[in-house]
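I would like the entire structure built from these sequences, with the hints used as guidance.
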Amino acid sequence: MKKFFGILGGMGTLATTNFLVEMNKRHFPENDQDYFNYILMNHADIPDRTEYILDPTKPNPVEAVIEDVHMLNLLQPEFIIMPCNTIHYFFDDIQKETDIPILNMIDLTVDYIAEHYEGAKKVGLFATEGTHQSRIYENRLIEKGYQVVLPDRELQDKINKMIYYYIKERSHLFFPLYYEILEDFKNCGADIVLLGCTEVSLMNSEDEEQRYPIVDAEKVLLDKTIALAKELKA
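Residue numbers for the sequence shown follow our numbering, so the first one is 37 and each next one is one higher.
It is worth saying that the hints were derived from the structure and are not from the lab.
Warning: the hint list may mix true and false statements.
Claimed, not checked - Here are the computed lysine-lysine pairs in the BS3-like style, where the Cα-Cα straight-line distance is at most 30 Å:
{"no.": "1", "residue 1": "Lys39", "residue 2": "Lys194"}
{"no.": "2", "residue 1": "Lys39", "residue 2": "Lys61"}
{"no.": "3", "residue 1": "Lys255", "residue 2": "Lys39"}
{"no.": "4", "residue 1": "Lys194", "residue 2": "Lys255"}
{"no.": "5", "residue 1": "Lys158", "residue 2": "Lys180"}
{"no.": "6", "residue 1": "Lys269", "residue 2": "Lys204"}
{"no.": "7", "residue 1": "Lys204", "residue 2": "Lys39"}
{"no.": "8", "residue 1": "Lys132", "residue 2": "Lys94"}
{"no.": "9", "residue 1": "Lys61", "residue 2": "Lys269"}
{"no.": "10", "residue 1": "Lys157", "residue 2": "Lys260"}
{"no.": "11", "residue 1": "Lys132", "residue 2": "Lys266"}
{"no.": "12", "residue 1": "Lys269", "residue 2": "Lys132"}
{"no.": "13", "residue 1": "Lys260", "residue 2": "Lys222"}
{"no.": "14", "residue 1": "Lys266", "residue 2": "Lys61"}
{"no.": "15", "residue 1": "Lys132", "residue 2": "Lys255"}
{"no.": "16", "residue 1": "Lys194", "residue 2": "Lys132"}
{"no.": "17", "residue 1": "Lys197", "residue 2": "Lys94"}
{"no.": "18", "residue 1": "Lys39", "residue 2": "Lys260"}
{"no.": "19", "residue 1": "Lys255", "residue 2": "Lys266"}
{"no.": "20", "residue 1": "Lys132", "residue 2": "Lys222"}
{"no.": "21", "residue 1": "Lys204", "residue 2": "Lys38"}
{"no.": "22", "residue 1": "Lys222", "residue 2": "Lys197"}
{"no.": "23", "residue 1": "Lys194", "residue 2": "Lys158"}
{"no.": "24", "residue 1": "Lys38", "residue 2": "Lys260"}
{"no.": "25", "residue 1": "Lys255", "residue 2": "Lys197"}
{"no.": "26", "residue 1": "Lys180", "residue 2": "Lys38"}
{"no.": "27", "residue 1": "Lys194", "residue 2": "Lys204"}
So this is what it looks like as structure tokens:
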């Protein structure tokens, strides 16, 4: 196989699967041969990213991801994507293990907000505690002049329950809680809400109502992936 890209997935598997489903919703050619060529490494054993960021005595997820990168180095894809927000805390450590470019979902998303939401001042960050602790979004948003609306303890507990209890543990999309969280961000003054967790992106993919102004980091990465993948098929 020539001219393909690599996906470092499994963080978690439902989120990775949703990325593929969304990709095929946006790119559906008339014949099998015109679909994209890619290698998916759905490494479900990768330790939890948030657990390690909050407690470095826990198993380090980077070691497993780097193993996957070394395998991709043998296959030589044109580029690599990681459809997981929190793993981008370790982006520099992962990128230095390969000469193959890795798309940075965090940078792409913050640039997207700056380009498409010029009037927005306050950005709510709907993400895992690991992403909050790492400040990977917060620092970049502040650099762009935005005020970041972070969840208080009560709101973060709701987010944790939705991501871990409902989605990761039970594969259940509980929309009343999802809407409640978005409403809480709105009440905190957020002009837009950044969905900075791919499990939350799964909720957005299935949300038929779209009540709130959101920016979905997974969909930003997806759009860039499709654009580059189309160039490989040209």
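Hint check:
For the given pair, Lys39 sits about 42 Å from Lys194 by alpha-carbon distance, which is inconsistent with the 30 Å threshold. Only pairs whose Cα atoms come within 30 Å are accepted, and Lys39 paired with Lys61 is accepted, the gap being roughly 21 Å. Restraint check: the Cα-Cα separation between Lys255 and Lys39 comes to about 22 Å, which is no more than 30 Å; the hinted pair holds. A C-alpha spacing of about 23 Å is found between Lys194 and Lys255, which places the hinted pair at or below 30 Å, so the restraint holds.
Restraint check: the Cα-Cα separation between Lys158 and Lys180 comes to about 11 Å, which is no more than 30 Å; the hinted pair holds. Taken as a hint, the Lys269 and Lys204 pair is broken in the structure, with Cα atoms around 34 Å apart against an allowance of 30 Å. This hinted pair does not check out: Lys204 and Lys39 have alpha carbons roughly 33 Å apart, beyond 30 Å. Proximity of Lys132 to Lys94 is assessed by CA-CA distance (about 23 Å); at most 30 Å being required, the pair is judged to hold.
For the proposed pair Lys61 and Lys269, the alpha carbon gap of about 18 Å is at most 30 Å, so the pair holds. For the hint pairing Lys157 with Lys260, the CA-to-CA distance comes to about 25 Å; that is within 30 Å, so the pair holds. Between Lys132 and Lys266, the direct Cα distance comes to roughly 26 Å. Compliance with the 30 Å bound is thereby established for this hinted pair. The suggested pairing of Lys269 with Lys132 holds, with an alpha-carbon distance near 27 Å, which does not exceed 30 Å.
Our distance criterion of 30 Å between C-alpha atoms is met by Lys260 and Lys222, whose separation comes to about 28 Å. With a C-alpha separation of about 15 Å, the suggested pairing of Lys266 with Lys61 holds against the 30 Å cut-off. Of the supplied pair hints, the one linking Lys132 and Lys255 holds, its CA atoms being roughly 25 Å apart against a limit of 30 Å. Simply put, Lys194 and Lys132 have alpha-carbon atoms about 36 Å apart, too far for the 30 Å limit, and the pair is violated.
Between Lys197 and Lys94, the direct Cα distance comes to roughly 21 Å. Compliance with the 30 Å bound is thereby established for this hinted pair. Restraint check for Lys39 and Lys260: the C-alpha separation of about 16 Å stays at or below 30 Å, so the hint holds. Restraint check for Lys255 and Lys266: satisfied, since their Cα atoms lie roughly 16 Å apart, inside the 30 Å limit. Of the supplied pair hints, the one linking Lys132 and Lys222 is violated, its CA atoms being roughly 39 Å apart against a limit of 30 Å.
Restraint check for Lys204 and Lys38: not satisfied, since their Cα atoms lie roughly 34 Å apart, outside the 30 Å limit. Distance check on the hinted pair: Lys222 and Lys197 sit about 19 Å apart at the alpha-carbon level, within 30 Å; holds. A hinted pair counts as satisfied when its Cα atoms are at most 30 Å apart, and Lys194 with Lys158 qualifies at roughly 21 Å. Proposed proximity of Lys38 and Lys260 is supported: the alpha carbons are some 20 Å apart, at most 30 Å.
In summary, the hint linking Lys255 to Lys197 is supported, as the alpha carbons are separated by about 23 Å, within the 30 Å threshold. A C-alpha spacing of about 38 Å is found between Lys180 and Lys38, which places the hinted pair above 30 Å, so the restraint is violated. A distance of roughly 14 Å separates the Cα atoms of Lys194 and Lys204; the hinted pair therefore holds under the 30 Å criterion.
The earlier numbered hints that this structure contradicts are 1, 6, 7, 16, 20, 21, 26.
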